[in-house]
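Undergrad: Single-letter residue listing:
4 protein chains.
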Amino acid sequence: MIKVTIWNEFRHEKKEKKIADIYPGGIHKKLAEEFKSQTDFEVRIATLDEPEHGLSEEVLNDTDVLIWWGHMAHSEVEDRIVDRVQKRVLEGMGIIVLHSGHYSKIFKRLMGTTCNLIWREADEKERLWVVEPFHPITQGISPYIELAQEEMYGERFDIPEPDKVIFISWFEGGEVFRSGVTWTRGFGKIFYFRPGHESYPTFYNKEIIKVLCNAIRWAKFAGNISVPKEPLNVKPLEKLKILAREK
Amino acid sequence: MIKVTIWNEFRHEKKEKKIADIYPGGIHKKLAEEFKSQTDFEVRIATLDEPEHGLSEEVLNDTDVLIWWGHMAHSEVEDRIVDRVQKRVLEGMGIIVLHSGHYSKIFKRLMGTTCNLIWREADEKERLWVVEPFHPITQGISPYIELAQEEMYGERFDIPEPDKVIFISWFEGGEVFRSGVTWTRGFGKIFYFRPGHESYPTFYNKEIIKVLCNAIRWAKFAGNISVPKEPLNVKPLEKLKILAREK
Amino acid sequence: MIKVTIWNEFRHEKKEKKIADIYPGGIHKKLAEEFKSQTDFEVRIATLDEPEHGLSEEVLNDTDVLIWWGHMAHSEVEDRIVDRVQKRVLEGMGIIVLHSGHYSKIFKRLMGTTCNLIWREADEKERLWVVEPFHPITQGISPYIELAQEEMYGERFDIPEPDKVIFISWFEGGEVFRSGVTWTRGFGKIFYFRPGHESYPTFYNKEIIKVLCNAIRWAKFAGNISVPKEPLNVKPLEKLKILAREK
Amino acid sequence: MIKVTIWNEFRHEKKEKKIADIYPGGIHKKLAEEFKSQTDFEVRIATLDEPEHGLSEEVLNDTDVLIWWGHMAHSEVEDRIVDRVQKRVLEGMGIIVLHSGHYSKIFKRLMGTTCNLIWREADEKERLWVVEPFHPITQGISPYIELAQEEMYGERFDIPEPDKVIFISWFEGGEVFRSGVTWTRGFGKIFYFRPGHESYPTFYNKEIIKVLCNAIRWAKFAGNISVPKEPLNVKPLEKLKILAREK
Chain A
20 MIKVTIWNEF RHEKKEKKIA DIYPGGIHKK LAEEFKSQTD FEVRIATLDE PEHGLSEEVL
80 NDTDVLIWWG HMAHSEVEDR IVDRVQKRVL EGMGIIVLHS GHYSKIFKRL MGTTCNLIWR
140 EADEKERLWV VEPFHPITQG ISPYIELAQE EMYGERFDIP EPDKVIFISW FEGGEVFRSG
200 VTWTRGFGKI FYFRPGHESY PTFYNKEIIK VLCNAIRWAK FAGNISVPKE PLNVKPLEKL
260 KILAREK
Chain B
20 MIKVTIWNEF RHEKKEKKIA DIYPGGIHKK LAEEFKSQTD FEVRIATLDE PEHGLSEEVL
80 NDTDVLIWWG HMAHSEVEDR IVDRVQKRVL EGMGIIVLHS GHYSKIFKRL MGTTCNLIWR
140 EADEKERLWV VEPFHPITQG ISPYIELAQE EMYGERFDIP EPDKVIFISW FEGGEVFRSG
200 VTWTRGFGKI FYFRPGHESY PTFYNKEIIK VLCNAIRWAK FAGNISVPKE PLNVKPLEKL
260 KILAREK
Chain C
20 MIKVTIWNEF RHEKKEKKIA DIYPGGIHKK LAEEFKSQTD FEVRIATLDE PEHGLSEEVL
80 NDTDVLIWWG HMAHSEVEDR IVDRVQKRVL EGMGIIVLHS GHYSKIFKRL MGTTCNLIWR
140 EADEKERLWV VEPFHPITQG ISPYIELAQE EMYGERFDIP EPDKVIFISW FEGGEVFRSG
200 VTWTRGFGKI FYFRPGHESY PTFYNKEIIK VLCNAIRWAK FAGNISVPKE PLNVKPLEKL
260 KILAREK
Chain D
20 MIKVTIWNEF RHEKKEKKIA DIYPGGIHKK LAEEFKSQTD FEVRIATLDE PEHGLSEEVL
80 NDTDVLIWWG HMAHSEVEDR IVDRVQKRVL EGMGIIVLHS GHYSKIFKRL MGTTCNLIWR
140 EADEKERLWV VEPFHPITQG ISPYIELAQE EMYGERFDIP EPDKVIFISW FEGGEVFRSG
200 VTWTRGFGKI FYFRPGHESY PTFYNKEIIK VLCNAIRWAK FAGNISVPKE PLNVKPLEKL
260 KILAREK
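As you go down the protein sequences, you meet chains A, B, C and D in turn.
Going by our numbering, the letters in the first sequence line up with residues 20 to 266, in that order.
Going by our numbering, the letters in the second sequence line up with residues 20 to 266, in that order.
Going by our numbering, the letters in the third sequence line up with residues 20 to 266, in that order.
Going by our numbering, the letters in the fourth sequence line up with residues 20 to 266, in that order.
Any given hint might turn out to be false.
Just so you know, same-sequence chains aren't split out, so a pair can sit in one copy or run between any two.
[Claimed, not checked] Straight-line C-alpha distance at most 20 Å; calculated DMTMM-like pairs for lysine to aspartate or glutamate:
1. 22 x 191
2. 127 x 98
3. 254 x 143
4. 124 x 102
5. 37 x 77
6. 127 x 180
7. 106 x 35
8. 248 x 102
9. 106 x 59
10. 127 x 110
11. 144 x 191
12. 248 x 95
13. 124 x 249
14. 254 x 165
15. 254 x 142
16. 239 x 140
17. 254 x 140
18. 124 x 98
19. 36 x 142
20. 248 x 180
21. 127 x 102
22. 37 x 83
23. 106 x 83
24. 127 x 249
25. 55 x 140
26. 254 x 191
These aren't lab readings, by the way, just hints derived from the structure by calculation.
Excised from the complex, chain A in its bound form:
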């Protein structure tokens, strides 16, 4: 089983009728419903206004992959919770950051950059082109995903050199964007996925959900638990050998 925690800011859906009409109960509720059919997922929900934003030590320690949607209230996320999430990612928890989450504290913390971009809200057509078809995140997807209407995000997107640029978006109004990007940090995997503006029904698109399901499976830690995660003062050669083997 893959333990998935969906974190949603959950403010737009409470404040604006237009958004609530698209996502009654919130974006997290829609995602949770979509994930129900995945028999290898165990889904949990957390939102900004819960104590500790729903991200206690217990919850995070029991999470394989965290999904993050935030927008208007990035600044309200407490630094100590950001520290905690960052620590868990570096220890091996996967994280999938959606759309306006590019400007969240946790994403900027993991990236080390401004994460700036250019944008426009104009109900534009978006096409996400697959540029790395060998990647498991693209399995079962068309050569491109088309969304009839989305917010535009454009380059230059101020992110560190990606491990892989998996999708590049085309927008009707004349821009491009690296819209599906992976990194690893510490023992954890990161996937940024651009679509998902609150005012469009993007998470009703079956291919978008398929990408997220693929990404969750990819992001779950499957590496080496014996490599030290803490600084280590070691002895030379033969002595170190013993240390390394006794796990």
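Fit chains B, C and D to the given chain A structure using the hints.
TA: Only chains B, C and D this time, still in chain A's reference frame:
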């Protein structure tokens, strides 16, 4: 099931008693025996002196992951077979190139570089340090693998920028080497793994075998089959949509 | 001085009046004229129909950066000349491959992949967005370069993982393309730059020329000449030291 | 001219006679002396115990490349100064982080990871092997640099995927380390260089100084100043064009 084809040059083992004593029946036989316990592997063998070097269209089309060990007879591998293997890798077959295979036609073809390095045979201790512990190829391995005696390969290794450097080797005599390296080319995954000189019992080491088993599982294609593999003259926008979706 | 050799296939310009009208004397002539104002360039020309395609050992050994434009006659380039160019790139000569050169023998040789893509000729607007503004190739360029009409090239472009994707193109008809990409192979630097279809006046665009001038300066070798370029059988520790220092 | 600011914690040299004997006046003084012969450098010094740690807005705005040496007092560096340095790097100032600076606030901030490693002080021989000889940072250097005695740093070094691993170190006691590594973040270039423990005369080594001089020249911004550094709400197509061109 993962269909694994082990290709071995199989010359040293026939010509030199010292080598035959270590690997009676050949390196490929030893590897095949080790892989038997893996219930998800279906193993086949191919060697240089068979017709088409054992790599007919039928065999390659029925192979998920090809393992390649060669050394003294690289030049005897026919170019048309190299073409065939390269084509299959670019279509999605994984390939794992071992040790002196760094100088094989197929590896140089996929890399585009000379694949030169410095070397020495002096029965030296080697340590392969894990530098990317998040990677599935390192799962279940110690912080480093130690081999009591191996041939030394040293930098500068003339390879293209790796996707990931997973192991870096330390040698007693004073050198280092990027000894576990991944790339993707086309739809196929490539793993180069340095150890395995014919005159040492390297493939009796359980951790070395574990790395190979991990690498086989990683190298099997799990990507997107709908993305065109051939050049494609497309129509603008709406027409292209139909083309792309009808698969 | 940077010794630049411009190689042009020079067939379209001789066979089609429409092309000759745009580039009288050939694309190479136009580029050479544009480069004249660069006081640090020393420019030479070579074309397919000259002996050895104009690329003798003498010419290549005296070239810092080679520019390559080819299209309809890729197959006529002799393999021994391709070998020679590849060898020089791996030794440190820079190479800039333009537009349809993506399908040239030399580019496919250096990449190891098919270099396939999708395409369309429909007089479309292209925008090349700068995605790596820290890179010297982008110096003095706008946030994007706009070309009123160009041939479309679209993803998936079957190239190895780039060192840097510097430009991403947007096309009116709905596609995107990694249109400015760098790699290193051996001691040599490679820049692929998409624009430059023979039927459009792309090389009259001042920003396109600026990119090429920047790329030429970037591609000139400025690295380490003491690192061995040939395989080397070395002695352990102290003895190797002597070898390495005595240059 | 390249405006270089050398930042040194300058505590070991004041507290321990053994260190002061090696670097009278501090590590920064030694580096400044070495850089004097470089006619294209304009060198300034800053230390922890100065107001604002010597890194006022004025100083940073007038710095092309910042060098950072810190060790025992990382925690005393004020967060607002770290913010300021990070901002300048993202705007294009180069930064070269030396040795124990791997654990400084600014380096961890830019990396987003723990920057953990394993270490040992045992007067060991270190060899830094050049693995990317095409890179300007390696110009004029031997195939490897040998230091008779240094502190050992070993893998796994918890850093993000490097742009380029330029040097890999070998240590007598059995470890390896990625000891010369580049990244870009925002518009700025970063070079981490491992050697330089306070108790060894590493900065008296002419090749080490040569690497630093090369790195300073490489790290100076030479990119594109027209690309927006701030988030930008843009208009579609034609209107955006005006915005982009009018700089």
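Undergrad: Please sort residue 254 with residue 143 into within, between, both or neither, judging by C-alpha distance up to 20 Å.
TA: between (60 Å within a copy, 12 Å between copies)
Undergrad: When Cα atoms must be at most 20 Å apart, do residue 37 and residue 83 count as within-copy, between-copy, both, or neither?
TA: Answer is neither: 33 Å inside a copy and 49 Å across each miss the 20 Å cutoff.
Undergrad: For the identical chains here, do residue 254 and residue 142 meet the 20 Å Cα criterion within one copy, between copies, both, or neither?
TA: between (62 Å within a copy, 12 Å between copies)
Undergrad: Given a CA cutoff of 20 Å, do residue 37 and residue 77 count as a within-copy pair, a between-copy pair, both, or neither?
TA: neither (35 Å within a copy, 48 Å between copies)
Undergrad: Checking an output row: residue 127 and residue 102, CA cutoff 20 Å. Within, between, both or neither?
TA: Answer is both: 12 Å inside a copy and 13 Å across each meet the 20 Å cutoff.
Undergrad: For residue 127 and residue 249, with the copy left unspecified, which applies at a CA distance of at most 20 Å: within, between, both, or neither?
TA: Between. Shortest inter-copy distance 14 Å satisfies the 20 Å Cα cut-off; intra-copy 23 Å does not.
Undergrad: My question is about residue 106 and residue 35: at a cut-off of 20 Å on alpha-carbon distance, are they close within one copy, between copies, both, or neither?
TA: Close neither inside one copy (34 Å) nor across copies (35 Å); limit 20 Å.
Undergrad: Could you place residue 239 and residue 140 in one of the four classes (within, between, both, neither) given a Cα distance threshold of 20 Å?
TA: Neither. Shortest intra-copy (34 Å) and inter-copy (37 Å) distances fail the 20 Å Cα cut-off.
Undergrad: At most 20 Å between CA atoms: does that hold for residue 106 and residue 59 within a copy, between copies, both, or neither?
TA: The answer is neither: 25 Å in one copy and 35 Å across copies each exceed 20 Å.
Undergrad: Given a CA cutoff of 20 Å, do residue 127 and residue 98 count as a within-copy pair, a between-copy pair, both, or neither?
TA: both (12 Å within a copy, 16 Å between copies)
Undergrad: 20 Å Cα cut-off: does residue 55 pair with residue 140 within a copy, between copies, both or neither?
TA: neither (31 Å within a copy, 46 Å between copies)
Undergrad: Since the copies are identical, ignore which copy is meant and state whether residue 248 and residue 180 lie within 20 Å (CA to CA) inside a copy, between copies, both or neither.
TA: This pair counts as between: shortest inter-copy Cα distance 17 Å, intra-copy 24 Å.
Hint compliance for this structure: hints 1, 5, 7, 9, 12, 16, 22, 25 are broken, all remaining hints hold.
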